[in-house]
Each structure stands twice: as structure tokens, then as C-alpha cells.
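Protein chains in written order, with our numbering: chain A, 48 to 358; chain B, 48 to 358; chain C, 48 to 358; chain D, 48 to 358.
Honestly, the hints are just simulated from the structure, not real lab data.
Please note: incorrect hints may appear among the correct ones.
Repeated chains share a single entry, so a pair holds when one copy, or any two copies, can fit it.
Mimicking DSSO-like on lysine-lysine, the simulated pairs with C-alpha atoms at most 30 Å apart in a straight line are [what the hints assert, rightly or not]:
{"#": "1", "residue 1": "Lys296", "residue 2": "Lys251"}
{"#": "2", "residue 1": "Lys87", "residue 2": "Lys76"}
{"#": "3", "residue 1": "Lys76", "residue 2": "Lys296"}
{"#": "4", "residue 1": "Lys331", "residue 2": "Lys251"}
{"#": "5", "residue 1": "Lys251", "residue 2": "Lys87"}
{"#": "6", "residue 1": "Lys76", "residue 2": "Lys251"}
Number of protein chains: 4
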Amino acid sequence: MEHECGTPVEQARVRAGMTVNELVSEMGKAGAYNAGSLFKAAAILEEMLSDESTVKFFGLAGAMVPGGMGGIVEDLIRDGYIDVLVSTGANLTHDVIEAIGCRHYHGSEMCDDVELFEEEINRIYDVYLPSQAFISFEEFMQETFGEIEDGTTISIAAMCRHIGERLDSGILAAAAEANIPVYCPALQDSMIGLQYWLFNQTHKVTVDAFGDMNRMLDACFTAERAGALLVGGGVPKNYIFQSMLMTPKGFEYAVQLTGDRPDLGGLSGATLDEAKSWGKVTGKAGAQTVYGDATITLPLLIAAVRERIGR
Amino acid sequence: MEHECGTPVEQARVRAGMTVNELVSEMGKAGAYNAGSLFKAAAILEEMLSDESTVKFFGLAGAMVPGGMGGIVEDLIRDGYIDVLVSTGANLTHDVIEAIGCRHYHGSEMCDDVELFEEEINRIYDVYLPSQAFISFEEFMQETFGEIEDGTTISIAAMCRHIGERLDSGILAAAAEANIPVYCPALQDSMIGLQYWLFNQTHKVTVDAFGDMNRMLDACFTAERAGALLVGGGVPKNYIFQSMLMTPKGFEYAVQLTGDRPDLGGLSGATLDEAKSWGKVTGKAGAQTVYGDATITLPLLIAAVRERIGR
Amino acid sequence: MEHECGTPVEQARVRAGMTVNELVSEMGKAGAYNAGSLFKAAAILEEMLSDESTVKFFGLAGAMVPGGMGGIVEDLIRDGYIDVLVSTGANLTHDVIEAIGCRHYHGSEMCDDVELFEEEINRIYDVYLPSQAFISFEEFMQETFGEIEDGTTISIAAMCRHIGERLDSGILAAAAEANIPVYCPALQDSMIGLQYWLFNQTHKVTVDAFGDMNRMLDACFTAERAGALLVGGGVPKNYIFQSMLMTPKGFEYAVQLTGDRPDLGGLSGATLDEAKSWGKVTGKAGAQTVYGDATITLPLLIAAVRERIGR
Amino acid sequence: MEHECGTPVEQARVRAGMTVNELVSEMGKAGAYNAGSLFKAAAILEEMLSDESTVKFFGLAGAMVPGGMGGIVEDLIRDGYIDVLVSTGANLTHDVIEAIGCRHYHGSEMCDDVELFEEEINRIYDVYLPSQAFISFEEFMQETFGEIEDGTTISIAAMCRHIGERLDSGILAAAAEANIPVYCPALQDSMIGLQYWLFNQTHKVTVDAFGDMNRMLDACFTAERAGALLVGGGVPKNYIFQSMLMTPKGFEYAVQLTGDRPDLGGLSGATLDEAKSWGKVTGKAGAQTVYGDATITLPLLIAAVRERIGR
């Protein structure tokens with residue numbers, strides 16, 4: 048192959064009062080390393096979110112809700128930028144906790160965790176969550192599960208919908224209102240799952256692990272085009288990508304924000320090029336990974352793209 | 048608190064022909080950074096694996112089987128060092144692929160993934176897996192699922208057991224022979240899951256997402272002591288730790304090998320101290336994280352501990 | 048110690064057209080992980096840059112100029128926000144290359160480096176630099192060195208000043224105009240160093256390795272207050288910090304943007320708390336590290352702080 | 048290009064009492080991710096260290112001596128496996144501290160650094176160094192510098208040699224005995240440098256920053272073949288590589304152990320392929336990077352290679 052030098056690197060300039068997209072444009076002129084990747088990701092995401100014919104998948108992994116990123120996801124749902132959400136159980140658990148009025152608090156990672164335990168404070172890096180929250184959470188979950196008729200068999204998305212309909216704010220509430228599915232293949236691996244287990248000691252509701260798969264795969268089969276915005280990796284990234292494997296198609300847009308690295312072999316850090324070898328992402332797809340902390344790259348990316356789209 | 052200087056750092060010495068544990072002991076004399084952590088982890092794991100009264104949990108995340116680490120896990124099971132295995136669906140999928148005689152191959156991450164796709168080679172960093180393997184895999188899985196009576200409701204561990212009983216080698220086969228449970232909360236998030244979906248288009252077998260939870264929690268409730276060896280994070284790490292939350296106990300031994308970092312907030316990189324604030328790990332537990340690529344730290348750790356234990 | 052829960056985590060909200068500091072404020076409300084760190088760093092840097100009585104040190108490591116971050120440093124110098132600059136030789140080399148009209152170009156890290164070599168293109172991750180640039184660079188450097196009188200003994204900062212006075216744009220030019228010193232302890236470890244070696248084959252100019260140390264230490268001794276903004280680690284970080292060791296003082300402001308991690312033991316990833324044990328940073332200092340790619344965090348931080356300061 | 052599947056991935060097996068090279072061979076059979084890289088690195092290093100016609104360069108960056116890795120470097124020098132050593136000033140400082148009988152101690156990174164400061168303990172991640180050591184260090188350094196005749200101009204390697212000749216153990220002592228040069232381009236950026244500055248307040252010895260460059264470049268010009276083992280990146284890596292740029296040759300063997308990553312653009316994490324585009328490493332060179340903590344990968348690699356070579 049012949050290697051072309053592209054456009055010259057421009058030295059980025061920043062000034063007081065510039066907008067987020069103006070900043071991201073400066074990063075694009077500089078265009079190197081992850082700043083360049085972020086700019087490319089913004090271009091891909093702008094096109095993807097503006098494309099009516101594209102079914103928009105969103106993968107949510109990592110402790111994003113305790114880290115205050117849930118609001119951005121909630122707003123994306125409310126504004127019609129997400130058609131299918133796949134999340135970890137933990138993010139949904141913390142979403143419920145916030146929706147029922149409990150809060151996460153700013154703390155510090157420099158602390159004595161044994162003392163924190165005695166003080167009944169649970170830590171997520173530098174975020175503190177008092178155990179008290181789980182008492183209100185249990186009350187809410189047991190009451191919510193109690194409204195499911197005994198003897199029923201439901202899917203995980205149906206259960207997420209059932210929960211969301213009983214909340215006024217947050218991701219699950221927004222998804223229920225917007226009538227978009229929330230898939231959580233490992234729901235049992237979360238506090239919601241533990242609450243369900245507790246509930247099921249005295250009730251009989253069966254959760255069909257595969258109850259959502261037809262609808263998820265149909266979304267891939269029927270999509271004229273498909274795009275994915277992936278925050279972190281884990282189950283959400285793989286579940287979104289593998290669903291496309293059953294179709295002759297692949298994702299035509301893919302943006303991944305991850306703090307992992309490819310050289311460890313794990314999926315969470317795997318490049319989107321690797322996904323092309325599997326056919327999960329098409330060869331001609333607009334695909335870009337941005338390495339870094341998603342609590343920085345997600346707000347930066349979404350604010351820039353919203354400015355470009357104008358809403 | 049008063050800070051004590053511990054023993055002096057000894058300059059590590061290495062010589063031709065030294066055994067793995069001799070090397071790890073030298074790392075312990077040096078005792079700094081992740082080499083020091085590995086030495087501490089070996090001491091904890093030696094005690095944990097030697098302790099008859101300890102129920103031993105093993106969490107398996109990351110692309111460990113394609114990376115050739117499955118044999119170490121298989122041997123740990125066969126030698127009685129694992130009582131409960133929690134895995135990602137991907138590791139089980141690749142375990143089946145190897146067990147039915149298909150192979151993963153050495154490749155390179157410096158490649159053209161679009162060409163790989165055309166050549167029907169799927170890439171996992173620098174490991175290549177020809178698509179051909181998935182044809183044999185489909186045959187085996189469909190035949191295996193076909194032996195489950197229609198109308199049944201089974202749990203994920205029961206399905207893993209059913210698969211393992213039909214294999215001669217690998218993790219699932221060893222677990223079935225050793226009669227230890229293999230939990231995989233997100234089984235649908237894997238090729239095994241996709242094969243099951245395919246099977247279920249024409250059959251009716253219900254997989255109860257929560258069908259394993261009683262047995263998993265019982266293992267925690269009834270354990271005199273509990274220890275966990277966690278390779279990677281993800282669902283396996285959280286599922287093992289959360290199960291202890293429902294008991295008044297916590298893990299008394301915990302060793303984590305991860306390539307993630309704590310400052311991103313995600314569970315996979317979270318310290319074991321953080322787990323103490325939740326009560327997942329006890330305040331007095333022997334707990335150590337080693338940061339690095341588990342394909343290096345796992346063999347190093349297990350070879351050293353086996354040398355110490357003598358088998 | 049008693050652990051206090053701080054203010055609640057607010058879910059960050061982003062909207063079209065928001066300014067960079069509005070975005071950083073949202074990150075501050077969320078306040079977790081590195082987004083929270085960036086917000087804290089902005090508060091420290093705002094105070095540091097607004098404090099007339101503070102001598103402002105800037106450490107520049109990593110391939111920042113090829114990555115298009117040199118302009119931000121140049122502007123900080125021109126606007127009086129840097130009193131002492133410590134840089135790697137590589138950043139100064141690439142600054143000269145741009146200042147004499149040669150350019151770096153956008154390329155790709157997915158390439159054949161052996162072919163690139165044959166095409167005389169040098170790669171810095173995804174930035175390409177044609178070898179042609181080094182021919183113009185050699186001409187300029189040899190001419191510039193030629194203007195130093197034979198038999199002289201000069202310091203590294205004096206040589207950097209000498210070079211900067213012959214340039215119209217970039218970091219060295221701005222520093223010369225602003226009359227601030229540029230220290231580069233490892234100048235010989237750069238293309239500038241190699242050019243000097245070539246020059247010295249036929250001339251006799253002695254570069255006194257320690258010729259700048261008095262002035263550097265005086266800056267620390269005489270500073271009423273001292274603050275440091277560190278991009279990357281390496282020699283610049285250590286040289287800035289160690290200079291304070293010879294005084295009874297320590298840095299009262301310190302912000303570090305790094306992609307390294309503490310657990311490897313190296314200085315580049317070391318926390319600023321570690322620096323407190325040495326007395327390099329005072330116990331009461333405002334000190335914050337932000338982990339991530341500086342091509343994202345530096346523009347974000349500087350744009351936000353400039354908006355706060357109003358220029 | 049046509050993609051070939053290489054040999055099959057073998058599942059690694061570990062057993063009690065195996066030697067380090069037997070373990071590394073198992074990693075090679077698995078052959079994936081960084082375990083595979085380590086195996087490839089061992090093959091390259093075995094060939095390089097066995098090749099009489101190869102000049103062997105060693106780059107030493109990162110806090111390796113405080114981390115107990117200095118002994119491995121000292122032994123490599125004593126056994127004739129290093130011809131040219133390039134180090135950071137910090138490693139040489141800590142080498143002197145140990146050689147004069149002061150010690151580093153095992154501590155913990157979970158500590159109060161402000162208290163450590165009051166207790167006069169300096170921290171390097173989880174290693175503690177009492178300030179007392181710097182008093183003995185100052186005595187030794189001042190006495191050693193005092194033996195240099197006033198008015199002299201010396202090079203950095205000459206100063207390192209001068210120091211090494213006055214020590215009985217450690218890297219500098221071994222290098223002096225073996226009569227191999229130790230280059231330290233940024234010597235002033237270290238405690239040795241600060242001590243020299245103190246000395247020079249009352250004496251006049253000039254350190255010629257470029258005094259070593261002829262000899263360093265000659266080593267490259269005259270080498271029939273050249274190989275480099277790089278621990279960490281920083282100045283040592285670049286100084287070793289750039290010296291080859293002035294010759295028509297390139298390194299034919301290169302092994303790099305680093306904890307950095309390529310996507311941040313910095314040299315320390317840059318791949319060795321990137322070095323090929325510059326011609327620092329030849330297109331046909333045996334070149335391998337292993338990502339991870341060098342306190343684990345260095346002992347593992349050297350023990351395995353020594354076992355292969357037999358000494």
C-alpha cells in the first residue's frame with residue numbers, strides 16, 4: 048500500500064467562551080491520538096443520529112449512573128436518539144436508586160474501607176452510597192415485583208419495562224415512556240436480581256433468560272441500517288454485536304468509548320476493526336474507538352454532536 | 048496512624064534453571080509494585096487452596112480460553128481446587144469449540160480485518176479462529192440441545208452440565224466429571240446462547256434465568272469459609288461477590304488478576320478494598336489484586352502455588 | 048477517621064451550544080472518577096493562574112507538539128500564564144520543525160512501518176512526519192548554532208533562547224519573546240542534540256549540563272508561592288519537583304495530566320500525594336491528577352479555566 | 048495480503064516444580080496476548096545475548112532499583128550481557144543509596160503521605176525510603192565529587208565511572224569493574240544532580256552535556272550488529288534509538304518491556320514497529336514489546352533466557 052500524508056496537523060487553539068463543538072473541532076484540526084479519535088467519533092455519531100433509517104443501539108457498561116452519566120443517557124432516550132438500550136444490571140440498579148429519591152454522594156478513594164463498612168457506606172471509587180438506600184430500594188422492588196401476577200413467565204425486558212413504568216425519572220422511566228426496550232442479559236447479576244430472588248422465595252414468577260432474544264434479533268433483521276454507541280464493553284457490547292451475527296448485515300456506524308486496551312485480548316478493549324473480522328461491523332462502516340474515561344469522553348462527545356445537530 | 052518501614056527491599060536475583068516459585072520468591076524479596084502484589088497473592092492463594100474448610104469460587108472473564116488459559120482452569124477443577132465456577136459465555140463457547148476438536152490459531156493483530164472477514168477468519172487480538180469451527184459447533188450444539196426433552200424448564204448451570212457431560216476435555220467436561228456447578232449468568236450473551244435461540248425456534252425449552260440462584264446463594268450461606276480467585280472482572284466477579292451480600296459473611300480470601308484500573312470507576316478494575324466497604328470481602332481477609340495481563344500472571348501464580356502445595 | 052458523604056452526585060446534563068466551562072461544571076456536578084478530577088483540577092488551575100504571587104511552572108512531556116498541543120502551550124506563554132517551562136527535547140525539536148514551516152501530517156497507526164520507512168515517512172502513532180523536514184531542520188540548526196561564538200560555554204536554556212530568538216512562531220519563539228526560560232535537562236536526547244553533536248564536530252562550543260541549575264533553583268527559592276501544571280511525567284515532572292526539594296517550601300498548586308498509572312511504580316504515573324511524602328508538594332496544596340490522554344484533557348482544562356478567568 | 052493461520056493455540060499447562068523457562072514455553076504454546084509476546088521476546092533476547100557480534104544496549108527507566116530490579120541489571124553487567132547502559136538519574140541515585148548501605152523498605156501505597164512526610168519517609172508507590180538515607184548519600188557524594196580536580200571538564204559517563212569506582216556493589220560498581228559506559232543524559236534531573244549542584248557552589252567542575260556523544264555514536268557506528276533491551280521508555284529508550292539514526296544501520300534485535308500504551312502518542316508506549324518507520328529498528332529485526340509491569344516481566348524474561356543460554 049502507498050501511504051498518503053493527510054492534511055497537516057494544526058496546532059489546536061482554545062479561547063475563553065468557546066463552545067464544546069468548537070473545542071472538539073480544534074481537537075480535530077490537531078487530529079492526533081485520542082483527541083483525533085474523538086473528533087472522528089463525533090463525525091460518525093452526528094451522521095448516525097441524523098440518519099432516520101438507522102436503528103440506534105446503545106450499550107451501557109461501567110459504573111456510569113453512580114458516576115453521574117445516567118442523565119445523558121436518559122436525555123438521549125427522551126430525544127429519540129436511542130432505539131435499543133442494552134445495559135448492565137448495576138447501571139439499572141443505581142438508576143432505580145436515584146429514581147426513588149436516594150442519592151449517591153461525592154466521597155474519596157483515599158479512605159479506610161473497613162471503617163466505611165462499619166459506617167454503612169458502600170464505595171464506588173470516589174462515590175459513596177449509604178446502605179440506607181438499599182432499604183428503600185428493597186421496599187420499592189418487592190412492591191414492584193408484587194404487582195406481577197403469580198405463575199407468569201416474563202422476559203427481562205418486560206421486567207425492566209414493568210419497573211420503568213413505576214418510576215418518574217431516570218433511564219428505565221424514560222425508556223418505558225419512549226417505549227424502547229431495555230435489555231439486560233445478566234439481570235440476575237445485580238441488586239435487582241438479588242431482590243427478585245428474595246421475592247421469588249415466596250412467589251412463582253419465571254424469568255425466561257431468552258425471552259427477549261427474538262425481539263432483539265428482529266431489530267437487527269429489520270433494520271435498514273444499524274448503528275451502535277458503546278460506553279464500555281462487557282455484556283452490552285457483545286450482546287449488541289453478536290445479535291447482528293445472525294443477519295447477513297453488520298453495523299454501519301460504531302463508536303466505542305472504553306478505558307480498556309486491546310493487547311489484553313478481552314472484548315471490552317478490542318478494536319472495532321477486530322469486530323470487522325467477525326462481520327459484526329461492516330468493512331465500510333464508520334467505526335471509531337476513543338480510549339479514555341467515559342465520564343469525560345461521553346459528555347464531550349454528546350455535547351459536541353448535539354451542537355452539530357442543533358438539539 | 049504511625050507508618051512502619053517493613054523489611055528491606057532485597058534486589059531480586061535470577062539464575063538459570065530456577066523454579067517458578069523460586070522466581071516468585073525473588074519477586075517477593077523485591078516486594079514492590081505488581082511483583083510484590085503477585086507474591087502476596089501467592090501466599091493468600093496457597094493458604095486458600097490448602098484450607099479444606101474453604102469453599103473455592105473461581106471467576107473467569109476475558110478471552111482466556113482462546114488465549115490458551117483454559118487448560119490451567121481445567122486442571123484446577125480436576126485437582127479439586129475449584130468448588131464453584133462462574134464464567135462468561137464466551138469462555139464456555141471457546142471451551143466447547145476446542146473440546147469438539149476445532150482449534151484456535153496463532154495469528155497477528157497487525158492485519159487487515161476486512162480481508163480476514165473475506166477469508167472467513169475471526170480475530171481475537173492475535174488469535175485467529177476460522178469460521179469453519181462454528182459449523183461444527185452448530186452441529187454439536189443443536190444435537191446436544193436436541194437431547195433436552197421438550198417442554199422442560201432448566202437452569203443455566205443444568206444446561207452447562209448437560210453440555211459438559213457430552214464432552215471429553217476442557218472446562219465444561221472437567222466440571223461435569225468433578226460434579227461442580229458452572230454458572231454463567233449471561234449465557235444468552237454468547238454463541239451458545241445464539242445456538243440455543245436457533246434451537247428454540249423449533250423447540251420449547253425454557254431457561255430459567257434465576258434457576259441457579261438458590262444453589263449459588265446456598266454455597267455462600269453454608270460455607271464455613273469462602274475464597275475467590277478472580278481472573279478479570281465483569282459478570283463473574285460481581286456475581287461471586289454479590290452472592291455473599293445476602294449472607295452475614297464475606298470472602299476471607301480474595302485474589303484478583305486484572306488488566307483494568309480503579310480510577311475509571313468500573314467494577315473490573317475496582318480494588319478489593321472497595322469490596323470491603325460493601326462487606327463482600329471481610330475486613331481481615333487476605334485480599335490482593337495483581338494488575339497485568341492474566342495470560343502472564345495466572346500461569347505464574349498457579350505454577351508457584353502448586354509448587355508450594357506440592358501438587 | 049470519620050467518613051463524610053459530600054454533596055450528592057448530580058446527573059450531568061449536556062445541551063447543544065453549551066460552553067466548555069459549562070460542560071466542565073456538569074462534570075463537576077457528576078463529580079466522579081476522572082471527570083470529577085478534571086473539575087477539581089480546573090478549580091486549582093483557575094486559582095493558580097489568577098494568583099499574581101505564584102510562580103507558574105509548566106512541565107511538557109509526551110509527543111504534544113506533533114499531536115497539535117503546542118499552540119495551547121505557546122498561547123499560555125504569550126498570555127503570561129507560564130513563568131518557567133521544562134520540556135523534553137522532542138517537543139522542542141518538533142516545535143522548531145513547525146516554526147520553520149515544515150508540517151506534521153494526519154496519518155494512521157494501521158500501516159506498514161517498513162513501507163513508511165522506504166517512503167521516508169516517520170510515524171508518531173497516527174501522525175506522519177516526512178524525512179524531508181529533517182533536511183530543512185538541519186539547515187536551520189546548523190546555521191543557528193553557527194552564530195554561537197566558538198569557544199563559548201553556554202547553558203541549555205541559553206541555547207534554547209538562542210534558537211527561539213531566530214523563530215517567529217511556536218513555543219521557543221514565544222518563550223524568547225516573553226523572556227521566560229525553557230529548561231531541557233536532556234537536550235542531548237533529541238534531534239536538536241544530534242544536530243548540535245554534528246555541529247560540534249567542527250566547532251567548539253561547550254554546553255554546561257548544570258549551567259541552568261542556579262537559575263532554576265533561584266526561581267524556587269525566591270517564589271512567594273509556586274504552582275505546577277504537568278503534562279505527562281518524565282524528566283520535566285521530576286526536574287520541576289526536585290528543584291523545590293532544595294528549599295524549605297513545596298508546591299502549593301499542582302495539576303498533573305497523565306496517561307500512566309501509579310501501580311507500576313514509575314514517576315510519570317505517581318500520584319501527587321506521593322510527591323507530598325517527599326515534600327515536593329505541600330500537605331495543604333491544591334493537587335489533582337487527571338488520568339487520560341492529554342490531547343483531550345489539556346484543551347478541555349485550559350479552555351474551561353480561560354473561560355473562568357475571562358481571557 | 049493473505050492471512051495464514053499459524054500453529055494451533057495449545058492450552059498451557061503448569062505443574063509443581065517446573066522451571067521458569069518451562070513456564071515461558073507453556074506461555075509460548077498458548078501464544079496469545081502478552082504471554083505470547085513474552086515468549087517471542089525470550090527467543091529474540093536469547094539470540095541477541097548469544098550473538099558475540101552484537102553490541103548490547105540496555106535502557107533502564109522507571110523506578111526499577113527501588114523496586115528491587117537493580118540486582119538483575121547488575122548481574123547482567125557482571126556476566127557480560129550489557130555493553131552499553133543508558134539509565135535515568137533516579138535509578139543511579141537509588142543504586143548509590145543501596146551501595147553505600149542504606150536500604151529501601153516495604154511499605155504500602157494505602158497511607159497518609161502528609162504523615163509520611165512528618166515521619167521523614169519518602170514514598171515510591173509501596174516502597175518507603177527514610178530521609179536519613181539522603182544524609183549518608185550527601186556525605187558520600189560530596190566526598191566523591193571532592194576527589195575530582197577543580198577546573199576539570201568531565202562527561203556524565205566519566206562522572207558515573209568516577210562514582211562507580213568508589214562503590215563495591217550495585218549497577219555503577221559493576222559497570223566500572225566491567226569497564227562498560229553508563230550514560231545518563233539527564234543526570235542533572237536526579238538527586239545525584241542536586242548533589243553535584245551543591246558541590247559546585249564551592250568548586251568548579253564543568254560537566255559537558257555532550258561529552259559522551261562521540262563515544263555513544265561510535266558504539267553504533269562500529270557495531271557489526273546492535274541489539275537493545277529496553278525496560279520502560281523515557282530518555283533511555285530514545286537516547287539508544289536516536290544514536291542509531293546517525294548511522295546507515297538500525298537495531299537488529301529489540302525487546303521492550305513497558306507499562307505504557309501506544310494510543311497516547313508518547314515514546315514510552317510507542318511500538319517497535321513505529322521505530323522501524325524512523326529506521327531506528329531494521330525492517331527485518333527481531334522486535335517485540337511486552338506490555339506489563341517490568342517488575343514481573345523482566346525477572347521472568349531474564350530467568351527464562353538464562354536457562355536457555357545455560358548461565
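Quick rundown of the hints versus the structure:
1. For a Cα distance limit of 30 Å, the shortest separation of lysine 296 from lysine 251 across copies, 28 Å, qualifies, whereas the shortest one inside one copy, 40 Å, does not.
2. In this homomeric assembly, lysine 87 and lysine 76 come within 30 Å of each other (Cα to Cα) both inside a single copy, at 11 Å, and across copies, at 27 Å.
3. In this homomeric assembly, lysine 76 and lysine 296 never come within 30 Å of each other (Cα to Cα): the closest approach is 33 Å inside a single copy and 35 Å across copies.
4. In this assembly of identical chains, lysine 331 and lysine 251 lie within 30 Å of each other by CA distance neither inside one copy nor across copies; the values are 49 Å within and 39 Å between.
5. Taking identical chains as interchangeable, the C-alpha atoms of lysine 251 and lysine 87 are never at most 30 Å apart, the minima being 50 Å within one chain and 46 Å between chains.
6. In the homo-oligomer, the alpha carbons of lysine 76 and lysine 251 never lie at most 30 Å apart, since the shortest distance is 59 Å inside one protomer and 42 Å across protomers.
Checked against the numbered hints given earlier, the structure breaks hints 3, 4, 5 and 6 and satisfies all the rest.
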